[in-house]
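Start from the sequences and build out the full structure, keeping to the hints where you can.
Here the protein sequences come in this chain order: A and B. In terms of the working numbering, the first sequence opens at residue 75 and continues consecutively. In terms of the working numbering, the second sequence opens at residue 75 and continues consecutively.
Hints are computed from structural coordinates only; laboratory data are not their basis. Hints should not be assumed to be uniformly reliable.
Just so you know, same-sequence chains aren't split out, so a pair can sit in one copy or run between any two.
Listed next, the in silico BS3-like pairs over lysine-lysine satisfying Cα-Cα at most 25 Å (straight line) [as the list claims (entries may be wrong)]: (1) Lys316 / Lys107; (2) Lys362 / Lys290; (3) Lys144 / Lys82; (4) Lys82 / Lys192; (5) Lys109 / Lys132; (6) Lys192 / Lys107; (7) Lys391 / Lys192; (8) Lys362 / Lys144; (9) Lys362 / Lys100; (10) Lys386 / Lys362; (11) Lys192 / Lys109; (12) Lys192 / Lys100.
Letter by letter, the chains look like this.
2 protein chains.
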Amino acid sequence: MAHTYLSKITLAHGAGGYETSELIRKLIVEVFKIKRIGDGVGLSELDDAATIPIGNGKSIAITVDSYTVKPHFFPGGDIGKLAATGTINDLAVIGAEPIAFMDSIVVEEGFSLEDLRKIINSYKSVLEEYGIALIGGDLKVMPRDSLDGIIISSTGIGLLNDAPLLDSMVKPGDKIIVTGAIGDHGAAILAAQLGIEEINVRSDCKPILPAIRIAKKIGGIKAAKDPTRGGIAMALNEFSSKSNVDIVVYEDSIPVHEEVRALAEMTGIDVYALASEGQALIVVSSDKAEEVVEELRRNGFSEASIIGEARKPIGSKPRVYLKTMVGGTRLLEAPRGELVPRIC
Amino acid sequence: MAHTYLSKITLAHGAGGYETSELIRKLIVEVFKIKRIGDGVGLSELDDAATIPIGNGKSIAITVDSYTVKPHFFPGGDIGKLAATGTINDLAVIGAEPIAFMDSIVVEEGFSLEDLRKIINSYKSVLEEYGIALIGGDLKVMPRDSLDGIIISSTGIGLLNDAPLLDSMVKPGDKIIVTGAIGDHGAAILAAQLGIEEINVRSDCKPILPAIRIAKKIGGIKAAKDPTRGGIAMALNEFSSKSNVDIVVYEDSIPVHEEVRALAEMTGIDVYALASEGQALIVVSSDKAEEVVEELRRNGFSEASIIGEARKPIGSKPRVYLKTMVGGTRLLEAPRGELVPRIC
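Structure follows, in structure tokens:
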């Protein structure tokens with residue numbers, strides 16, 4: 075019903091695709107008047123993190139996300155590991171070094187203390203591996219009829235010693251690199267939610283900070299993004315629309331694990347809309363792209379690949395094109411609809 | 075059942091009293107190894123905000139809270155106004171000037187878009203009144219069987235030009251000031267939850283930043299705290315235990331509105347455990363206390379009062395004593411149990 079769609083929140087509003095962007099734009103971005111601090115990155119950019127300039131060209135980068143994934147424990151991780159890695163990744167892709175984390179836990183009455191302990195220890199392990207401090211947080215309990223499980227809202231704080239990497243900085247000619255096979259996280263959650271056991275897929279949930287460090291060290295990096303909700307379809311469209319470039323990607327260059335492809339076919343979900351939580355898209359100038367990929371491969375990102383490039387728009391608005399394996403071209407649009415629910 | 079209590083989360087764990095402190099201490103504070111940035115305020119302090127030093131004696135102050143209040147709209151405010159004021163207040167009581175805010179919204183499928191718009195506009199109004207930028211956020215949607223209503227997790231960022239005001243900085247002889255009548259917020263939520271209409275009480279939900287600015291300007295301020303969950307009973311006990319001082323407060327000096335007292339008596343809830351969301355406890359050296367109160371009264375805080383003082387502990391551990399109207403003395407302990415559910 076059109077009326078219901080217009081007057082009520084739908085699952086699609088939370089799927090991280092087209093409807094999420096539209097809702098945030100209309101209810102928030104267009105409404106607020108004060109949207110940034112000085113010349114920092116603010117609300118209007120809708121980038122992965124905001125920045126607060128602190129002088130000498132340095133900034134503090136800050137990101138906030140609420141994690142609602144179900145099931146709480148899944149092959150390859152749990153909601154705690156996801157909260158830490160997702161937060162680290164949002165800071166990493168803007169070019170920041172994460173230094174601190176804050177956790178705001180909302181949990182249902184009756185939740186297992188042992189599970190809560192496991193979840194907390196999961197984010198502790200990830201944070202301490204990267205030397206990140208937990209500097210504060212909050213804890214609330216909701217009655218059982220009001221919340222099913224646990225929500226972790228995490229705030230990450232990072233240091234940025236130079237200009238941020240923004241989605242809007244991609245130029246025609248730049249190459250698009252992916253650090254590894256896409257869609258593992260979305261597929262793992264989907265399989266768990268649907269109870270599909272014959273397909274063995276694990277979430278790729280892990281910090282991509284090492285990959286960004288490698289690209290920054292080599293140089294030529296323009297932008298980066300972790301393709302979570304909405305997958306690379308959403309992430310590439312954000313690069314495209316914010317940078318006003320067409321993006322062309324080649325299907326035969328995009329690494330996808332067999333099990334993930336099989337699950338996507340079985341469920342009818344576009345594999346390019348499936349979330350990764352341990353991969354990054356990195357945009358690099360064409361002269362550095364090969365070197366970045368080689369260095370990534372030498373450092374544990376064995377499936378890193380150049381998957382395409384940015385071009386001047388050929389139409390009236392910038393778009394993302396997928397060159398298919400059979401030689402065709404299709405538009406890769408920002409995903410719409412419910413997609414896979416609650417993957418993060 | 076003792077076993078259930080030990081293995082499951084209870085509502086008391088989220089009430090902001092004794093059980094909340096113990097749970098956070100055992101599951102988080104004692105577990106994490108990296109708890110601060112440089113000599114900033116970190117996890118161990120369990121204060122209202124953390125700080126990150128940025129050089130020249132300055133710091134960024136950061137606070138995170140999840141707001142789950144029910145009902146979402148209540149006399150005197152709504153969950154959006156509460157999220158903004160609570161966050162501003164957590165920064166104010168550590169001595170910081172709030173500059174930026176981030177909102178992470180989790181909302182149930184089917185939630186009214188109009189209500190969501192009202193809630194967002196509520197925090198917009200408060201933030202813009204104080205010149206605070208909204209620099210980013212997140213939005214998630216949960217299915218109707220998983221969440222009842224809306225949760226707003228807010229991150230506040232402030233600037234601190236000098237040393238933070240900490241709960242641990244109270245010294246014997248210092249005076250305790252309250253900026254106005256206590257418990258209005260807790261009473262308003264309690265009345266709404268119980269459907270008590272004959273008692274007319276409104277939440278005091280508002281930024282206390284102007285009060286802290288007044289006290290800082292006059293000088294002599296040692297510490298401050300907004301007595302939210304657990305009321306002044308909890309806040310005074312935090313001053314006492316962290317500063318290792320006894321605190322003596324005088325019942326006849328503590329402003330309480332008649333309706334709030336009546337509701338407390340009717341429900342058997344200690345009025346000193348009822349939350350305020352628009353008042354602060356300010357600890358000031360004795361030579362400045364009168365001047366701070368006078369200036370507060372001249373600037374809209376007409377019920378501001380000195381309610382007691384800090385003293386050297388007379389026993390083996392520091393405690394909070396209430397001198398009652400009839401001339402007796404009773405211990406005012408950190409509240410235990412469920413208190414009023416979901417007041418913030």
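So, going through the hints one by one against the coordinates:
Within a single copy, Lys316 and Lys107 get their C-alpha atoms as close as 21 Å, which meets the 25 Å cut-off; across copies the closest is 40 Å, which misses it. Proximity of Lys362 to Lys290 under the C-alpha cut-off of 25 Å is restricted to the intra-copy arrangement: shortest distance 11 Å within a copy versus 54 Å between copies. In this assembly of identical chains, the alpha carbons of Lys144 and Lys82 lie at most 25 Å apart whether taken from the same copy (23 Å) or from different copies (19 Å). Taking the shortest Cα distances, Lys82 and Lys192 sit within 25 Å of each other only across copies (13 Å), while inside one copy they are farther apart (36 Å).
Proximity of Lys109 and Lys132 under a CA criterion of 25 Å is satisfied in both settings, with 19 Å inside one chain copy and 23 Å between copies. Within a single copy, Lys192 and Lys107 get their C-alpha atoms only as close as 42 Å, which misses the 25 Å cut-off; across copies the closest is 16 Å, which meets it. With identical chains, the CA atoms of Lys391 and Lys192 are never at most 25 Å apart, being 48 Å at best within one copy and 34 Å at best between copies. In this homomeric assembly, Lys362 and Lys144 never come within 25 Å of each other (Cα to Cα): the closest approach is 40 Å inside a single copy and 54 Å across copies.
Proximity of Lys362 to Lys100 under the C-alpha cut-off of 25 Å is found in neither arrangement, the shortest distances being 39 Å within a copy and 49 Å between copies. For the homomeric pair Lys386 and Lys362, the shortest alpha-carbon distance inside one copy (20 Å) is at most 25 Å, but the shortest distance between copies (67 Å) is not. With identical chains, the CA atoms of Lys192 and Lys109 are at most 25 Å apart between copies only, with a shortest distance of 19 Å across copies and 37 Å within one. Taking CA atoms no more than 25 Å apart as the test, Lys192 paired with Lys100 passes between copies only; the shortest distance there is 13 Å, against 39 Å inside one copy.
The structure does not agree with the numbered hints 7, 8, 9 stated previously, though it agrees with the rest.
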